[in-house]
Amino acid sequence: MSLLTLTLKSMVSRKLTSALLILSISISTMLFIGIQKITDGAKKSFSHSLSGTDLIIGARSGDIQLLMYTVFRQGKPVANMSWESVMEIKANKNVQWLVPISLGDSHKHFPVLGTNQAYFNHYRYGNKINLKLAKGRPFNTPFEAVIGSQVAQKLNYSLGQNIHLSHGMSKGNLPVHQQHPFQITGILKPTGTPVDKTIHVPLEGITAIHLNWNAQKTKALNIDELNLTPSSITGCLVGLKSKFSIFSFQQTITQWEKEPLMAIIPGVTLANLWRNISTIDTAFFIITIGVTLISFIGLLLGLFLSLQQRKNELAILRLMGAHPRQLSIMLLLESTIITVLSVIFGGILTRIIGWFMHPILEERLGLILNTYAITGTDIYFSLSMVGCGIFIGFIPAVLAYKTGKKEGFISI
Amino acid sequence: MHAINVNHCFFQYNATPPFSIAIDQLTIQASQHLFLEGPSGCGKTTLLNLFTGILLPKDGQISVLGTDIATLTNQQRDRFRADHFGIIFQAFNLIPYLSIAENIALPCTFSSLKRERVLSSHSIEAEVKGLCQELNMDATMLNRPVHELSIGQQQRVAIARALIGQPDIIIADEPTSALDEANKQAFIETLLNECRKRRSTLIFVSHDTSLKHYFNHIHTLSKETSACHY
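So the protein lines, in turn, are chains A and B. Read in order, the letters of the first sequence correspond to residues 1 to 412 in this note's numbering. Read in order, the letters of the second sequence correspond to residues 1 to 230 in this note's numbering.
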């Protein structure tokens with residue numbers, strides 16, 4: 001029988017202690033990997049979601065708020081900006097393109113975004129990638145819709161299907177805009193951004209369904225006879241002709257006389273958001289280190305206790321001819337086995353928890369997480385956990401060696 | 001050939017009260033069965049620790065199988081003990097989490113000599129089975145945990161563990177103190193029989209004089225050879 005089998009059998013005989021040790025270290029592994037994955041995912045999904053936009057303009061509120069609802073569909077706009085201002089900004093000589101954004105409606109808890117053709121031409125994400133259609137075409141008439149890949153997948157929608165929008169974005173039973181359904185004309189390719197969960201409709205459609213909001217029961221609208229120009233929208237994404245004019249144009253918007261507006265530079269606001277996250281990140285990191293430290297102290301304690309409990313057993317092994325070195329190898333093996341099992345179990349635990357947390361994090365925070373991929377950091381972390389375990393195992397191992405050598409430890 | 005030869009040996013514990021043992025001359029021939037008796041506290045266990053190199057004499061010489069064990073390093077003495085001695089303890093000392101078969105085979109894990117001796121004829125499993133058969137143990141019990149055994153059965157497992165790998169010297173330290181009369185007779189007959197078959201030297205330590213008649217050679221440790229200074 002090898003020392004490894006001997007160690008394993010001894011550990012199995014002390015199953016409760018061994019299992020508790022493994023549980024405590026796997027929980028700290030899970031915390032470590034989990035927190036790192038969440039912050040990593042947050043950073044990635046935030047910076048991934050929008051690119052190529054120079055300024056985001058909306059009614060004056062907080063910069064992070066404006067970013068959160070225009071790009072991530074989180075939170076609610078405080079106020080709208082008037083269509084006159086939009087037209088004026090669009091006409092500015094510095095502006096190359098402008099994408100209007102109108103939020104406020106939803107469909108089965110998926111946000112609805114009113115916009116125009118410019119959205120498909122100018123909205124970019126990741127490394128300046130344009131949106132691409134998987135099926136169909138962009139909308140042309142007011143009552144057409146283009147849906148994100150996740151909307152299509154989760155609600156099992158296909159081209160040509162008619163959908164009704166609900167008024168408002170909160171949960172629960174929302175009043176439905178019954179007068180006119182929207183027909184799905186296009187489904188976008190997956191992007192890994194909030195676009196996937198968005199239903200895009202023309203601004204005119206949004207305006208139309210709100211016109212007769214108070215007279216729902218009247219017959220279907222005759223859209224040709226109505227003026228469907230919106231009076232106000234939530235905000236807009238703007239691309240400038242020259243990057244050098246970003247700050248001066250931002251200044252122009254801030255000093256807008258007709259109404260209080262603000263313009264944010266997405267990258268700058270993201271960095272702000274980042275800083276906020278980093279503080280929480282650091283706090284979590286410190287807590288996690290504390291938890292890990294405690295679980296390793298637990299491991300040390302467990303090994304000491306096992307050394308005490310096993311004095312008699314180790315003495316028999318010594319009498320059978322085991323060298324003190326072999327006793328310390330057994331203790332080292334024990335701490336190694338415990339940490340290796342813990343890291344594996346912790347990894348599995350992270351996956352299980354991730355599986356449950358995934359939809360919650362996605363829905364509540366708009367994070368697109370990747371808890372399934374094993375990253376280089378995970379491997380380094382796992383190896384260093386095992387390293388710590390082995391290092392800690394050295395303490396009782398040396399003690400076992402010394403005890404084993406001591407005169408009087410063994411006697412017939 | 002001498003199995004063990006003790007010459008002007010003196011040993012003293014650095015304890016309070018100091019305890020010492022002095023043996024002028026003691027020779028145990030190979031294949032001899034020796035009954036080592038004496039009242040408790042006269043140093044029987046100390047003497048066994050000296051024979052097996054767990055303790056070293058302060059003065060004089062102990063040679064085992066022609067080797068002066070004081071000349072060996074700690075590690076060499078450990079190996080020497082594992083290779084040449086089979087030990088039956090007063091408190092059986094079986095490892096609780098190992099099965100009967102694993103307990104019996106345990107010395108082969110740490111003594112390469114014992115392992116090679118077994119492997120020269122057949123596998124370790126076969127040797128364990130053979131020993132169990134000789135000791136009248138049910139082969140179906142081999143994979144059962146040791147705590148399910150009665151005391152008499154545990155003692156037989158301890159004999160098997162001492163016998164595996166054909167050690168030159170078997171040491172039994174008060175092995176019958178936990179056994180009832182019937183088990184005691186059976187145990188000693190089995191042990192003597194097995195040692196005779198293997199031509200092993202047996203050193204049987206007991207204060208139970210009723211077992212004396214099984215042995216031709218008897219050595220008595222008295223209070224004179226050892227001294228307890230209060």
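I should point out that these hints are in silico values taken from the structure, not numbers from a laboratory. Misleading hints may appear alongside valid ones.
Unchecked claim - Chain B stretches covered by chain A per the calculated footprint, using a threshold of three residues with CB under 8 Å from any CB of chain A:
id, region
1, 83-93
2, 126-139
3, 185-191
4, 194-204
As the list claims (entries may be wrong) - Only pairs whose alpha carbons sit at most 30 Å apart, straight line, appear in this in silico DSSO-like list of lysine-lysine:
id, chain 1, residue 1, chain 2, residue 2
5, A, K76, A, K108
6, A, K43, A, K93
7, A, K108, A, K135
8, A, K405, B, K212
9, A, K135, A, K93
10, A, K154, A, K128
11, B, K197, A, K406
12, A, K9, B, K129
13, B, K212, A, K311
14, A, K402, B, K129
15, A, K9, A, K311
16, B, K212, B, K197
Since the model is a prediction, treat every value here as computed from it, not as a measurement. Every residue gets a Cβ at the ideal spot worked out from N, C-alpha and C, and that includes glycine.
Here is what the structure says about each hint:
Beta-carbon proximity to chain A at under 8 Å applies to 4 residues in the region 83-93 of chain B; the threshold of 3 is reached and the given coverage holds. Residues of the region 126-139 of chain B with a Cβ under 8 Å from some Cβ of chain A number 0, which does not satisfy the need for three, so the listed coverage is violated. Requiring three or more residues with a Cβ within less than 8 Å of a Cβ of chain A, the coverage given for the region 185-191 of chain B is violated, as only 0 such residues are present. For a cut-off of 8 Å, the count of residues in the region 194-204 of chain B with a CB near a CB of chain A stands at 0, and the three-residue condition is violated.
At roughly 17 Å between alpha-carbon atoms, K76(A) and K108(A) fall within 30 Å of each other, so this suggested pair holds. Taking the CA atoms of K43(A) and K93(A), the gap is about 34 Å. The hint is violated against a cut of 30 Å. Simply put, K108(A) and K135(A) have alpha-carbon atoms about 22 Å apart, close enough for the 30 Å limit, and the pair holds. Among the hinted pairs, K405(A) with K212(B) is inconsistent with the structure: their alpha-carbon atoms are about 36 Å apart, more than 30 Å.
Distance hint between K135(A) and K93(A) is unfulfilled; the C-alpha atoms sit about 36 Å from each other, more than 30 Å. At most 30 Å may separate the alpha-carbon atoms for a hinted pair to count; K154(A) and K128(A) meet this at roughly 27 Å. This hinted pair does not check out: K197(B) and K406(A) have alpha carbons roughly 37 Å apart, beyond 30 Å. Pair hint K9(A) plus K129(B) holds up; C-alpha atoms about 21 Å apart against a cutoff of 30 Å.
About 35 Å separates the Cα atoms of K212(B) and K311(A), which puts this hinted pair outside 30 Å; it is violated. About 37 Å separates the Cα atoms of K402(A) and K129(B), which puts this hinted pair outside 30 Å; it is violated. For the hint linking K9(A) to K311(A), the alpha-carbon distance of about 16 Å falls within 30 Å, and the restraint holds. Using a Cα cut-off of 30 Å, the hinted pair K212(B) and K197(B) holds, with the two alpha carbons roughly 20 Å apart.
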